[in-house]
Structure formats: structure tokens, C-alpha cells
Amino acid sequence: MGGYRCIRATPGGTLVAAVIAFILFGIGVLALVLRRDLVIKLLALGLVNAATILFLVSIGDRPGAKAPIQLPGEVAILADPLPHALVLSAIVVNFAILALALVFVMILVERYHTTDSTRIEQEMDRETDEEETPCL
Amino acid sequence: MPLILLPLVRFVFAILTISFAKARKAFAILSHVVDAALLGHLLMLLVRGAPTSITIGGAPIGIGISMIGDQIGLTFAVLAWVLSVAITSYTWKDRLRPYFFLLLNLLIGACYALSFTTDLFTTFLLLDLSTLVSFLLVGYQRRPRQIWASLHYMILSSLGMSVFLIGIGVVYSHCGCLDLVVLESLLSESLGEPWLHLAGALLVAGLAVKAGVFTFSLWLPSAHARAMPAVSALLSGLVIKMGVVGLLRLGFVFPIDLPLIVLGAITGILGIVYALNSYDIKRLLAFHTLSQIGYILIGFGAHTEVARLGALSYEVAHGLFKALLFLTIGEAASHAGGSNLKTLIENRQQIPHGTRIALMIAVLGIIGLPPLAGFDAKAILEDGLASVPLHLIVLLISIGTVMSFAKLTPVLFSRSTCKTTRSRILSYAWLGGGIVLFWPLSLLLVSPGINLHALTAPHIAEAFVVIALGAALYLLIRKKRFQLPLEIFRLETSPLMILLGFFLVYGLLAIGR
Numbered sequence: 008m009g010g011y012r013c014i015r016a017t018p019g020g021t022l023v024a025a026v027i028a029f030i031l032f033g034i035g036v037l038a039l040v041l042r043r044d045l046v047i048k049l050l051a052l053g054l055v056n057a058a059t060i061l062f063l064v065s066i067g068d069r070p071g072a073k074a075p076i077q078l079p080g081e082v083a084i085l086a087d088p089l090p091h092a093l094v095l096s097a098i099v100v101n102f103a104i105l106a107l108a109l110v111f112v113m114i115l116v117e118r119y120h121t122t123d124s125t126r127i128e129q130e131m132d133r134e135t136d137e138e139e140t141p142c143l
Numbered sequence: 223m224p225l226i227l228l229p230l231v232r233f234v235f236a237i238l239t240i241s242f243a244k245a246r247k248a249f250a251i252l253s254h255v256v257d258a259a260l261l262g263h264l265l266m267l268l269v270r271g272a273p274t275s276i277t278i279g280g281a282p283i284g285i286g287i288s289m290i291g292d293q294i295g296l297t298f299a300v301l302a303w304v305l306s307v308a309i310t311s312y313t314w315k316d317r318l319r320p321y322f323f324l325l326l327n328l329l330i331g332a333c334y335a336l337s338f339t340t341d342l343f344t345t346f347l348l349l350d351l352s353t354l355v356s357f358l359l360v361g362y363q364r365r366p367r368q369i370w371a372s373l374h375y376m377i378l379s380s381l382g383m384s385v386f387l388i389g390i391g392v393v394y395s396h397c398g399c400l401d402l403v404v405l406e407s408l409l410s411e412s413l414g415e416p417w418l419h420l421a422g423a424l425l426v427a428g429l430a431v432k433a434g435v436f437t438f439s440l441w442l443p444s445a446h447a448r449a450m451p452a453v454s455a456l457l458s459g460l461v462i463k464m465g466v467v468g469l470l471r472l473g474f475v476f477p478i479d480l481p482l483i484v485l486g487a488i489t490g491i492l493g494i495v496y497a498l499n500s501y502d503i504k505r506l507l508a509f510h511t512l513s514q515i516g517y518i519l520i521g522f523g524a525h526t527e528v529a530r531l532g533a534l535s536y537e538v539a540h541g542l543f544k545a546l547l548f549l550t551i552g553e554a555a556s557h558a559g560g561s562n563l564k565t566l567i568e569n570r571q572q573i574p575h576g577t578r579i580a581l582m583i584a585v586l587g588i589i590g591l592p593p594l595a596g597f598d599a600k601a602i603l604e605d606g607l608a609s610v611p612l613h614l615i616v617l618l619i620s621i622g623t624v625m626s627f628a629k630l631t632p633v634l635f636s637r638s639t640c641k642t643t644r645s646r647i648l649s650y651a652w653l654g655g656g657i658v659l660f661w662p663l664s665l666l667l668v669s670p671g672i673n674l675h676a677l678t679a680p681h682i683a684e685a686f687v688v689i690a691l692g693a694a695l696y697l698l699i700r701k702k703r704f705q706l707p708l709e710i711f712r713l714e715t716s717p718l719m720i721l722l723g724f725f726l727v728y729g730l731l732a733i734g735r
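Note that the protein sequences, when read in sequence, are chains D and G.
Take the first sequence: its position 72, counted from the start at 1, is 79 in the numbering used here, and no numbers get skipped.
Take the second sequence: its position 164, counted from the start at 1, is 386 in the numbering used here, and no numbers get skipped.
You may find that some hints are simply not true.
To be verified - Going by beta-carbon spacing under 8 Å, a handful of chain D positions derived as facing chain G:
(1) Val46
(2) Lys48
(3) Pro88
Stated by the list, open to error - Derived CB-CB ranges, DEER-like:
(4) G:His613 x D:Ile27: 19 to 29 Å
(5) G:Gln363 x D:Leu37: 57 to 67 Å
(6) D:Ala74 x G:Gln363: 46 to 56 Å
(7) G:Thr678 x D:Val46: 57 to 67 Å
(8) D:Leu22 x G:Ala245: 52 to 62 Å
(9) D:Thr125 x G:Phe704: 16 to 26 Å
(10) D:Ile27 x G:Leu666: 50 to 60 Å
Calculated directly from the structure, the hints in this document are not laboratory data.
Using N, Cα and C, we set each Cβ at its ideal position, and we do this for glycine too.
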């Protein structure tokens, strides 16, 4: 595990994985902006989250490192396990948010019969406060 | 130990509330009494000069979950407790499901923990917990607009948290630790390095999405305006402050003063411009949340001890009057039949007398009438500002605040025979009392010397000039309508605005080196 007494001369991680994560993040944001379908938007959000997770996993890597499981008597360079532990929590949180968002989309689809974000906004603008009855 | 107990007790009460729904009112009282005892203990330790700190899980400092009961943490935790009491009292007679109280307890517990934590990854997790609960609270009544606002909030917040997490990754890959206290000493030697700018920009952008900063938090006007009053009060008074406390703690480690000042000025001025053009009062209050965050960011960015204390005081003051504004406007709207200004004015006789008095105190508080909360906190903040342009920006925001609240004048004065419930009066008295007695209460936070300076003649004169000028300018422009771009608040555009904000912060960090 990396000590924190000094700034590392060369930061941990692989460049290739970081570049792939950056590209995936960009694709995710583009889809989030350009696509109007709410389900596609949530998939794009999933891609953004996956890119972040890939980046975090990549920073635990070191040249020639093995998985961080040290057998008795073995001396080996191990990957930093802390980013991997962080990633586990992040995956759970992202899953929870995505699941909840999908439930919200489902409620909106039941009401407006479309997944198109612009049409949902237009329909909502047409409704007056009195007409706006609770969903479910 | 009290540092861990405070959030944990709330989480236990959350489970008890949903398991034994009939006893939820007793649990609500008990939870606040226990919290008060724990907070009192922590305050005593702080006054004695020995703030508590703890690292959970046996991991070394820098990697484990670290918490500290310092002045900043306790200020935010006490604010959370005060607002929790007010919301519990406000909703006492409402027929809310036990699920609401479960969410309320979880939210307050998360806010306690967020106030004290100095670990970046714990901040990420707790911010996610608080926002997950906020999504559910915004959509509590299951109205389509609430669910839409909540979905918007969810998507932008998740994007922001991803950016924050990448920032955490960059910091960890260079330093091998995530604790802000350790990072403070570690990074003091490497200021000016390019990776530090990247990490700073990512972390600031991620937190700004939660903190109610313009270009980042464009989910805020619809979420705060469409949620039910008790929820809006909590979101505006407390939840966005959790992003702000993160920015404040980050400011001790990363050289983010210039970005904070620029973001503060943009947020303050644009918040006012949009508020002036809003005639739905709940939406107006939501835009004012943005504008008031502008003051706080400028105070933190000014990098003087007095300005920081002023910004901290303003955090508390804003929490009090914005919660009271949302609660009173919410009740007024339910009596008058809508939160549109025209409806409120037409049906003002329906608004209960007690509600109107509370609304008046909150309005006087936010426009900065001496010696109420807004005036005192703003005066301390201004004392800490060294440069003239910053003074001018603060003055501009103050005048704009008066101009936009001048719209409410007809609502404040009318006769009414309606009455409100006793529990709501208690809630208004609790928050209103805090606004009126803010000056003596703030002695707990600010030293008497600084606090006395806030009550001097120049500050009092300035406050009255600002109020007079704001009222006069409102009379001049009240018939005019402006077309402001509302496209930026759409779900398609706001992610781009977050990225734009990130590049702005990165550019400012690179310039400021």
C-alpha cells in the first residue's frame, strides 16, 4: 500500500486504462447531452460511472504487479488494494442511484407513455397544478 | 466517541421509527434530546481547547475514516440539529408516513457525519447517502413534477459525484492518502504542480454540483421549488451546505481561493438576476439560495480569518431564514391556493396571521435589517474582505436581494382571521427567535471584538442605504419583464454547464498559480 509521507515521484496507475476511462467518460457525457430518451440517458450515466470505476481500478496498478493476495513466504510486487476497496463502495452507490432513477423513469413512463425527455417536459408544462395528481 | 455516536444514533432511530411507527413522535423527541446532549458535550470539549478527533477502523491516519469535532464541523452539526427540530415541529400534526421520518433521520445522521469527516472518500459516500435520501424526499408526494425534478437532480448529482471520484483517484495516485488534515501538510510543498490543479478542479466541480453553485447546480431551482415545504427547507437550509462544508475544508488544502471568489460572484449575481425575474415565490426562494451561496463562497475565497468566520455565520443565518421562508411560503401557498405571486396577493387574507409575522421576520432577516441574522453575518463577512471589488459585488448582491424581496411587500401586510397550528407556530418561533437573537448567539462562533464591530454605525448606515436603494430600484423596474435564457436548466444542457464550470475552475487554478 502506498505510503503518504511524500508525494510519489511517479504516480501509480496505467496510462492506457486512464485514457480509455477518459474516452468512455466523454462518450457517456455526449450521450447524456445528445440523446433525449431517458433510458439511454441512464445507460449513458452508467457508462460515466463505469469510466470512473475503471480509472480508480487503474490507479492501483504498478509495473509487474500481481493481485494483492500475499501467500506465506512469497515476496512479490502487489497492486495497491485500497482503490479496489473504494471501487466496491462506489459500485454499490452507483447501482443504488441507477436503480432508483430507473424506478422514477418507470413512474413517468406510466403517466406520460413516453421516454422522450422533451415530450415529458412539454406534457408537464401543459398540466395545471390542479391536474397534477400524484403518480401511483 | 460522541463524533461517531451522533450519526449512529440517528441511523438507529431511523430504523426504530419505521419498525415501531406508532412511537415515532416519542422517538423524534428522544433523538433530539440525545443529539443535544452529544452536541453539548462536543461543544464543551471545543471550548476547553481540545476538539475531539477519531480515526475509525484501526487504519492509519490518512487512510482510515477520520472525523474531527472542530469549529467548522460543530457549526454545521448544530445547524443540522436546529433545522431538524424546526422540521419535526412543523410536520408534527401532518399525516406523514413513517417513511418520511425514516428519511429525515437518515438525512440528519448523514449531515452530522459529513460535518465532521475529513476523509475525501467518506465525504463521497456520505454525500451520496444524503442525496439519495434527498431524491426520495423531493419525490415524496409522488407528483410528476417532483419526480421529474428529482430525476434531474439525480442525473446531475451522479455526474458530479463521478467527477469528484476521479478527483479522489488523482489525489490518491499522487499522495497515497485521502485525509485532508494529512494532505494539508503534504501538499504545502507541491503547490503549483499541474496535477494539483487538475485534482483541485475535479474535486471543486464535484462538490459544487451539491453546493448550489451556478453553472453546476442547475437542478436546484426546480427541485427546491417543487418539493413540499418541509423538504425544501431542509434541502435549502441544510443539504446544500454539506457541499459547501466540503468546499471549505478543501480550501485549506488546495489553492482554490480564486475559483471560489469567481464562482461566488457568478453565483451571487446570476442568482439575483434569475430571482428578480421569478414570480413563483418558491422558485424565487430557490434562486435566492444560489445568490446567498455566492456570499459564502466569496467569504471563504477571501482567505482571511474574519471573512471565513463571516461566511460561517452566514451559513447559519441563511439556514435559519431560508428554512423559515420556505416553511412560511409553503403554508401561505397552501392557504392561498398557489405559490404564484399574483395568487398570494389576491388571497392574502387567507394567510394565517402567525405565518405572515414569521414570513416578515424571515424577509427582514434575509434583506439584512439591523440587528437581525442577515445583517450581522454580512457585516462580519464584509469586515474580512480586503479588496474593493469584492465589497462592490457583495453590495450588488445585497441590493438585488432587497429588490427581489420587495415583491412580497403586499403579502406581508393584510388582515387575516385564519389561524395556524400550535406546532407550526412553535417551529416559526424557534427559527424566528434564532434570526432575531442571532447577534448574541453568534458570540458562540465569533469573538466579541469581531462581533461588536459588526454593530458599528457605518455598517448600520450601509444596511439602511442598501434597503432604501433596493426598494427604490424595485419601484423603477417592477413593471419590466426580462427574457432570460432558461435553456441552461434543461436536462440536456445542464451536464454541459457542469463541464464548462470544470474548465473554468481548472483555468482559474492554472492562472492563479
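Quiz item: In ascending order, which of the hints set out earlier in this document are inconsistent with the structure?
Solution: 1, 3, 4 and 5
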